[in-house]
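Chain residues, written in single-letter form:
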Amino acid sequence: MHFCSRSNSFQVNFKRMDSMDGKKGKDFSRRNFLKISGKVVIGTSVATVLPNLIWLDEGLAAIPASEGYLLVDVKKCQGCMSCMLACSLVHEGVESPSLARIQVIQNSFQSFPDDLTVEQCRQCVTPACVEACPTGALQADPKRGNVRIVNKQKCIGCGACMEACPFTPSRAYTAPDNAFEGQLKSRKCDLCATAPYHWDPAGGGPNGKQACVEVCPVSAIKFVKEIPAQEGVKGYQVNLRDQNWRRLGYPVD
Amino acid sequence: MNGYAGNILHIDLTTGKISTIPTSRYESWVGGHGLGSALFFDLVKDKTIDGFHPANVVTLMNSPLSGTLTPGGGSRTEVQGIGVQTYPIGWFTRSNFGGRFAAMLKYAGWDGVAIVGKASEPVWVDIRNDDVKIRPCAPLSLWGKDTWACQEIIWDYVAGKNKYGGWIKPAGDKGGRTTQRPAVVAIGPAGENRSRLACLIHDAADAAGQGGFGAVWGAKNLKAVSVIGTGVVQIANPKALLEARIQQKKNYAFDLENLKAPNFSTDFQSAPLPELIYKGGQRPNVEQRPAACIGCHSACRGRFKDGKGNEATCFGTVFYWDAQTLDIQRTAADLINRYGVNAVEMCFGLLYIYLLHNNGLLESRNIPKCPLDFSKYGSEAFVEQFVKMASYGDDGKGHASEFGKDVADGIIRAAKKWGRLEEDLKTGSMLWFPYWGMPVHKESRAQIYWGYGTILGDRDINEHCFDWLKWDASVAKMYGRRPRVPAERAVKIITDKMVPFQGDMLMMDFSDKNMYSEHMAKFVSWHRYYTRFWKQSALYCDNRWPDFVNVYREDRVGSTGEAEPKFLAAVTGKAFTFLDGIELGKKIWNLDNAIWTLQGRHRDMVHFAEYYYNRNGGGTGGDLPNEYLPGLENGVWDYFGYSRRKFDKAKFEEFKTIFYKLQGWDPASGWPTRKTLESLQLANVAKELEASGKLGKE
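Chains as they are written, first to last, in our numbering: chain A, 696 to 948; chain B, 31 to 728.
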């Protein structure tokens with residue numbers, strides 16, 4: 696049973712893992728976690744080590760919906776990757792596409808519009824990454840509009856979130872973190888809720904500003920509070936082009 | 031080191047040795063051209079060698095801004111080395127390309143690459159972070175491929191079993207992840223066959239067009255350099271960088287909600303439009319997107335639904351002006367990028383051959399049989415044959431041809447071999463190659479700084495710092511539109527920024543009376559210094575900088591002078607003013623002149639083609655028939671048309687003397703003096719000049 700609506704109010708989503716819409720669906724069991732993490736000794740009481748794990752094969756999960764989402768216009772994007780550079784800059788104080796939580800992937804030999812994709816985190820209504828996290832590091836943070844955020848203190852860099860993300864490239868991914876002496880930590884889009892180098896005193900998050908939105912030279916990224924349609928890409932890849940874009944000689948449909 | 035990776039990659043293709051040079055050794059040059067010139071000076075002992083000599087060092091340098099959010103400043107790679115295109119001497123020269131390479135090289139952990147030697151077989155360089163390999167071309171059958179096929183093959187090889195679109199780990203478990211394709215710069219068949227028209231191509235159309243570097247690489251048996259990096263650029267002040275970017279966009283860049291100037295212009299405020307100069311000003315009537323280099327705030331290229339002419343710009347779109355259809359002209363742009371030939375020389379080289387044919391001269395004198403069928407001129411088959419001819423040095427259809435061989439040796443050398451050089455450079459009616467054997471670009475009899483910068487330097491300057499002014503003024507005067515600002519205001523705004531010469535408005539008086547003055551010498555000097563440092567070393571893009579006169583500002587004053595050092599400081603954390611950059615640019619310019627002096631330069635050879643002295647200008651190709659620039663005439667500033675004049679040879683000689691004195695060079699020879707070099711901390715350069723008997727007299 697699955698329902699959600701597009702209102703701004705707090706949403707409770709009931710979902711079985713085996714009916715999730717996505718490119719990969721995984722039944723994430725205790726046994727699978729033990730295989731991936733390599734950090735829990737077989738035989739240890741998993742429940743005591745991982746008290747917050749949600750056992751999806753046993754029941755239902757309740758994760759509140761995010762109060763913010765990023766939508767992109769893939770046909771408007773000029774491929775400058777400024778969003779990626781802004782993202783790594785505000786989050787980690789460096790410039791690195793490899794540390795960006797939004798990815799622009801392109802091929803200059805391909806024809807428009809197949810030459811480029813923009814892959815942003817969808818702040819999924821049923822976040823597989825949250826459900827997969829064995830330590831509860833990846834959570835819908837109630838203090839930050841239920842944005843799906845990695846708590847790096849709790850993250851053990853197991854990569855379960857990366858494995859669980861149904862999208863390619865996975866929106867959560869692990870990389871060495873200099874703030875933690877090079878340990879692997881997960882990263883994913885937090886709508887700039889926890890960006891230590893945020894330029895605006897009011898900061899980010901659903902009630903603040905996102906670096907990628909601010910920096911995009913052609914306004915091809917938009918922040919919204921309404922929950923986009925979860926199936927397919929239509930909810931997240933939208934048309935942000937108007938008569939001004941037409942005036943520059945570009946298509947608006 | 032904020033902004034820097036810390037190391038420069040040194041590759042010896044002869045020995046196969048790969049080593050590193052610490053960037054700190056050259057940090058005072060900042061990056062790009064300055065660093066490349068200093069490195070070249072140290073690594074190449076005999077500066078008189080030919081560009082094809084294995085000892086020639088080609089550098090590809092980025093800068094602290096590469097791979098950052100600096101608007102129009104994060105994407106350029108500066109290429110340097112002894113070129114093979116200019117005549118009679120292949121000068122130590124430069125070229126430059128955009129796209130993704132400079133940034134990716136930085137992310138891989140390198141501030142540049144210096145390549146020397148010659149491999150025993152065709153090779154390509156595979157850089158994956160700090161893992162660098164020289165690989166033979168044979169296993170991938172790269173040699174013989176056009177530049178696009180070469181890049182795609184390398185992409186697939188680097189990806190291994192992975193597919194692009196997801197995360198890959200190109201350096202294995204040692205390195206990080208990326209979703210990006212390698213940034214590859216390659217030569218096509220033209221470079222492989224050492225055509226002097228050969229260039230370097232990255233992605234679809236990012237070209238290091240001038241200098242014949244494609245042929246230099248071909249002589250080294252070097253097909254391509256591929257780089258993929260998963261690292262970071264350390265930023266001294268991340269918040270300051272982001273704030274500067276946001277404010278710069280807000281205050282000086284195009285505004286989609288308020289498009290004040292919805293046209294392409296070669297400066298900061300331009301709207302994101304592909305810089306297409308197809309015949310008739312046509313823009314392809316197919317769906318398209320703007321395509322920008324990494325980090326740029328306003329694209330200057332495009333990608334199209336029919337896949338033709340992706341990312342082609344500027345002269346790449348001027349080429350084959352007489353194409354029967356727009357589609358054929360777009361295909362011609364793709365051909366020169368795939369085969370890797372310089373658009374400008376192809377453009378004016380074809381024009382020369384066509385005019386020889388039209389005047390019934392192709393079958394006269396010492397000209398070998400021309401295999402081109404002019405009954406098909408304008409067709410796709412014709413241009414394909416011509417591009418192949420220039421690339422392979424044959425008839426363009428796979429058969430030996432002395433004519434084709436001559437074309438591939440460069441148009442100016444072909445004209446010389448055909449016994450036509452002196453005559454055709456005297457009349458200028460067919461061979462529009464006014465300086466150092468290079469084809470014309472702008473009408474230098476109007477935009478005199480363009481001609482001066484070129485002939486006093488090493489190549490067609492291709493620096494559009496003031497070209498937007500010519501367009502703005504010319505369109506205004508010829509079509510009755512309002513210019514951005516009146517002439518006097520434009521001159522005041524611009525000259526106020528030209529430290530340390532600020533205040534001298536006569537620097538921008540382009541009238542006849544001022545053409546050879548010290549004011550003009552100062553203008554030309556400032557332009558050399560600004561471009562040598564801020565555009566070719568710090569690597570601010572020529573299509574977007576400087577920002578002199580900006581229509582989004584109420585007072586029309588652009589951000590140049592404040593913006594350039596602001597971004598550099600945010601990245602590096604170092605105090606470095608705009609004037610510091612101008613002074614470093616002067617140092618770099620002096621080092622370059624020292625290298626040219628060692629190569630054999632003397633003031634006696636610094637002259638335009640004869641036709642510049644005996645024939646009035648009149649516009650070039652797609653340019654306007656008359657070009658308007660500021661002038662002070664009868665005590666009044668206005669924009670005047672200055673194309674219809676020629677240079678006076680005797681007065682140009684006087685101008686050279688004024689210019690050399692301003693530089694602190696020996697006016698008798700144009701050679702640098704010890705005093706000037708030592709004042710610029712170039713004592714080692716003075717020593718080498720003295721040893722060669724080429725130190726200027728004081």
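Check before you lean on any hint, since a few could be wrong.
To give a feel for the contact side, a few chain A residues facing chain B, derived at Cβ under 10 Å [as the list claims (entries may be wrong)]:
1) I758
2) G788
3) Q801
4) S803
5) T812
6) T869
7) F875
8) T889
9) P891
10) H893
11) A906
12) E909
13) F918
14) V919
15) W940
16) G944
Beyond 10 Å from chain B on every Cβ pair, some chain A residues (computed) [claimed, not checked]:
17) K849
18) Q925
19) E926
These aren't lab readings, by the way, just hints derived from the structure by calculation. Backbone N, C-alpha and C define an ideal beta-carbon position, used for all residues, glycine too.
(Q) Which constraints among the numbered hints does this structure fail? Numbers only, ascending. (A) Per hint list: 1, 7, 8, 13, 14 violated.
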